[in-house]
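J.: Residue numbers (this note's numbering), protein chains in the order written: chain A, -19 to 96; chain B, 3 to 113.
Each hint should be verified, as a subset may be incorrect.
Stated by the list, open to error - Below, simulated DSS-like cross-link-like pairs (lysine-lysine); rule was C-alpha separation at most 30 angstroms, straight line:
(1) Lys21(A) / Lys59(B)
(2) Lys35(A) / Lys44(B)
(3) Lys73(B) / Lys0(A)
(4) Lys60(B) / Lys21(A)
(5) Lys7(B) / Lys44(A)
(6) Lys17(B) / Lys44(A)
(7) Lys21(A) / Lys70(B)
(8) Lys17(B) / Lys21(A)
(9) Lys44(B) / Lys21(A)
(10) Lys44(B) / Lys(-6)(A)
(11) Lys60(B) / Lys70(B)
(12) Lys46(A) / Lys44(B)
(13) Lys46(A) / Lys60(B)
(14) Lys46(A) / Lys21(A)
(15) Lys46(A) / Lys73(B)
(16) Lys60(B) / Lys44(B)
Think of the hints as simulated: they come from the structure by calculation, not from any bench.
Remember, it's a predicted structure, so these values are computed and weren't measured experimentally.
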Amino acid sequence: GAVVSQHPSWVICKSGTSVKIECRSLDFQATTMFWYRQFPKQSLMLMATSNEGSKATYEQGVEKDKFLINHASLTLSTLTVTSAHPEDSSFYICSARFGPSPDTQYFGPGTRLTVL
Amino acid sequence: QQQVKQSPQSLIVQKGGISIINCAYENTAFDYFPWYQQFPGKGPALLIAIRPDVSEKKEGRFTISFNKSAKQFSLHIMDSQPGDSATYFCAASYTGNQFYFGTGTSLTVIP
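This is chain B alone, in the form it adopts within the complex (with noise of 0.2 angstroms):
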């Protein structure tokens, strides 16, 4: 069973638009939901995490948004760029231990 759905599958964004990639989870004991950026043949990367206390942060470029009620959180990545393409994975965890990751989301940002 996926704890954590996400979606577009894939996505291709033009130059300095906005690349939105979104999550839902059912485990309502989730307290931490990171997203990783992964290049070919290389782990992931933190990006950004947020708790479920917040229903925002924002770091630069790139934002989350969370919606505790709906289960779903997404990622904002704002003026995107061709070094944005990557895989995106969202994910959530609780007591720190065990992270359940999304599918991923393959980003093509344009030039």
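Only chain A is shown next, with the shape it has when bound in the complex (with noise of 0.2 angstroms):
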């Protein structure tokens, strides 16, 4: 199946500060990506959509100033949290679509964030 990565798979960092997550599509064009939020034994929830070139959409009660997404290419989406505070600590999993239908879209192995 068709592969999509995250890096870092882990971060540690100090509340304040700012974190990039990026997530890439290794062998295909995305043209659409995902980037959901997942708390410890809790269910994925979605926190944006954005298609490559456009600016996201963010599902409600997410910060847009917060959760910064920017989708520079087909094949990569980077989400930053800024002035990151340890509620932000959690899994970030992106996917990422290359067609129409919903079974071409595929999940990240995720990043764990710890804000201290």
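Assemble the dimeric complex from its two separately framed chains, guided by the hints.
T.: Written as structure tokens, this is what we have:
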């Protein structure tokens, strides 16, 4: 199946700093990329949807200025958590889709963010 | 509001047994119902998916049963193995954009 990578796989940062997480589709061009957040033992919650070259669409309750999403190319999307706080500690998962059908969507391995 | 409700929260099955996980949804516009398997520290991986125009889909040991009138669907894992121990999420989608995930089921298969 298609491969989606995330970097880093885990990161620890101090409160108030910014952290960038990369999501790459390795063997296909992703028309759309999605960012999810998952708290321990909980479900995945969609944070935002991004299409290459256009602004991301954020879900209700997600702060645009705090979670900056850039979809610079058809194979790369980045999520920057600005001025991170301990409550931002979570598992962040991206997914990438290469076609109109939902079964063309593949998930990355996730990034564990811990804010001290 | 939880768009997709999943049960049970956890499940323990003997090796060789059948694991059954259930999901229910409200939005009749949903037209794609996947099941994902997630291991600790990893992203979810698509197991099997179904569209509402069929009542059952089988792939190897995994079967989805779909009841459109009841707005319910379930995952059956036949001949469960210890390697199947993971968290399983059902999901629902329309237009293929936003996926609404269930709350997850932690499956443990005892040798």
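J.: Of the hints given before, which are not true for this structure?
T.: 3, 6, 13, 15
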